[in-house]
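Number of protein chains: 2
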Amino acid sequence: MTLSEMTERLFRGEPRAVARAISTVENSLSDSSELMKAVFPQTGRAVVIGITGAPGAGKSSLVDKLAMYYKDRGDRVGIIAVDPSSPFSGGAILGDRIRMSALGVDKNIFIRSMATRGNLGGLSRATVDAVAILDAAGFDKVIVETVGVGQDEVEIVKTADVSVVVLVPGMGDDIQAIKAGIMEIGDVFVINKSDREGVIRTEKELQALLELAHRPDMWNPPIVRTVATENKGIEDLSSAIESYYEFQRDGDNLERRKAIARWRLLELLRERLLADILKPSGAGQLIDRLAVEIAEKKSDPYSAVERILKQ
Amino acid sequence: MTLSEMTERLFRGEPRAVARAISTVENSLSDSSELMKAVFPQTGRAVVIGITGAPGAGKSSLVDKLAMYYKDRGDRVGIIAVDPSSPFSGGAILGDRIRMSALGVDKNIFIRSMATRGNLGGLSRATVDAVAILDAAGFDKVIVETVGVGQDEVEIVKTADVSVVVLVPGMGDDIQAIKAGIMEIGDVFVINKSDREGVIRTEKELQALLELAHRPDMWNPPIVRTVATENKGIEDLSSAIESYYEFQRDGDNLERRKAIARWRLLELLRERLLADILKPSGAGQLIDRLAVEIAEKKSDPYSAVERILKQ
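Chains as they are written, first to last, in my numbering: chain U, 1 to 311; chain E, 1001 to 1311.
Calculated directly from the structure, the hints in this document are not laboratory data. It is possible that some hints are incorrect.
Chain U side only, calculated, beta carbon under 10 Å to chain E, not exhaustive [claimed, not checked]: (1) LEU3; (2) SER4; (3) VAL47; (4) VAL128; (5) LYS232; (6) ILE234; (7) VAL305.
Listed next, the in silico DSS-like pairs over lysine-lysine satisfying Cα-Cα at most 27 Å (straight line) [to be verified]: (8) LYS310/U / LYS1232/E; (9) LYS1258/E / LYS1232/E; (10) LYS258/U / LYS1232/E.
Heads up, the beta-carbon is just placed ideally off N, CA and C, and yes, glycines get one too.
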């Protein structure tokens, strides 16, 4: 498949071309460039929904049910599940197959997990590129699901049009652990597993925290109760998402889009600079040799970096 | 304080010099270089313990109780709390003060939170540098606590001598959400809040997952039950940590140290390359201007990066 064939099929929404394009942005920075230059002008139509929360909050079930809901309403839905916690094993791919069979093989739902490959970074960049690809391929809703509350994961969720934070009852005193940063990114809050004990207390505590939190845009984030495994509260969640989407679309959100653009630019720049440094033959061996010297305490990372930059 | 004064006082373990040195690695990449070149040769004596787990697992209480336990045994203990989820607010600093007053003002316990500053990265590098500073300052135990299970957070925990993963009972079916990556980094597992319902089930499920997981080093990670708020199980945790520390110290762990050194080197290289690109006057404005063009869809990140690199 040549690049122009790939993009042509991609813009028609062909699943195989979509999968191929995502693999490209995931595996090769240099091949991504031409592809993404063609993809970007075609983006901006999808509603991008970021969903985050701690492990065990039931995010995957929630995402699957929300996707089914949208599909039944006639939308095409793309799902990107960012799974940085399994960089070593094939866990992500296995997970895709399990979820795919639950969602049914369907042209209108596309699901893909993305995991880190080695330690050269680029996961955040590849993820937002994959979202752009789904957008350009005509998916009406693109859901980005991230496990955990790490630094990169927060950044990824912040690039979405609407960010949803998923909690569960019974976090008790520990709701304080959901620190300000997470509170600030949530446009919509979900208390999943809301048939469990403690839901009222969790909701009250969350409400109190939200009232304390400073929201310069005056949006008052709604709290939605769901039981994803029983398909309860999904319509409420979809309404809450739509409300915020309309709210932010009507506002002047250039500042926000500028901040996202700046972040993407710096992520890509960082990755590209490192790739350029590692390109010359011998660069890999030099890194390995210096790593051994540092491990043996014959050198330190700062001196080693200076030696690499001198070459 | 000149650099040589700072390092001299640092090596004597003076808290103010330690705090100053950590601020240096946190705030300025260029000032870090000379400092860390002096610090590195003095490292390698501390036992570095990484503690991770989902928000709400009670990590902070557990870390505080473990630190008190070590202190009572005569150790000096340093704590670095990585808090990437509150990049915007002063949450981290406030948290330090609260915890410091609980731990008591004590020359033998040093606690410091580290949060992201803007989006120029460097948190991981600054964190491992801070650990090295505490090590060089003669702290016997250095505990690195990270919230969440993000990509960077996993990498930081992997640099520790002993990695502890904290769970809580009642994760039910969702223990599967603790994916392979997290399972693989845990040398010791803690079920905190083990006075709660569901502890037996959680322990059985964890045991089953651990038996499935491939451990090339043949270490069988112990599971320790704790109730941190009541100071229960802390001695067991300390024994489990010590067992693994002795196990890995006796093994041939050059490969592991090499992998850590390589990761540190690449992190630092990435940060340094970006800093060099952004150094010339006008570079900041160029980035801002390109960010606006991307936000307005007049350009795309890939074309923008090429323009930056041409300059």
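Here's how the hints hold up against the structure:
1. Below 10 Å, beta-carbon pairs count as interface contacts, and LEU3/U has none with chain E, the closest being about 13 Å; its hint is therefore violated.
2. A distance limit of 10 Å between C-beta atoms decides the matter here; for SER4/U the minimum to chain E is near 17 Å, and the interface restraint is violated.
3. The criterion of a C-beta within 10 Å of any C-beta in chain E is not met by VAL47/U, whose closest approach is roughly 17 Å, and the hint is violated.
4. For VAL128/U, the shortest C-beta to C-beta distance to chain E is roughly 9 Å, which falls under 10 Å, so the interface hint holds.
5. Of the supplied interface hints, the one on LYS232/U is violated, with its beta-carbon coming no nearer than about 17 Å to a beta-carbon of chain E, more than 10 Å.
6. For ILE234/U, the interface hint is violated, since its Cβ never comes within 10 Å of a Cβ in chain E; the closest pair sits about 19 Å apart.
7. Hint status for VAL305/U relative to chain E: holds, with the closest Cβ pair at about 5 Å, below 10 Å.
8. Taking the CA atoms of LYS310/U and LYS1232/E, the gap is about 54 Å. The hint is violated against a cut of 27 Å.
9. Of the supplied pair hints, the one linking LYS1258/E and LYS1232/E is violated, its CA atoms being roughly 37 Å apart against a limit of 27 Å.
10. A threshold of 27 Å between alpha carbons decides the hint, and for LYS258/U with LYS1232/E the separation of about 50 Å lies outside it, so the pair is violated.
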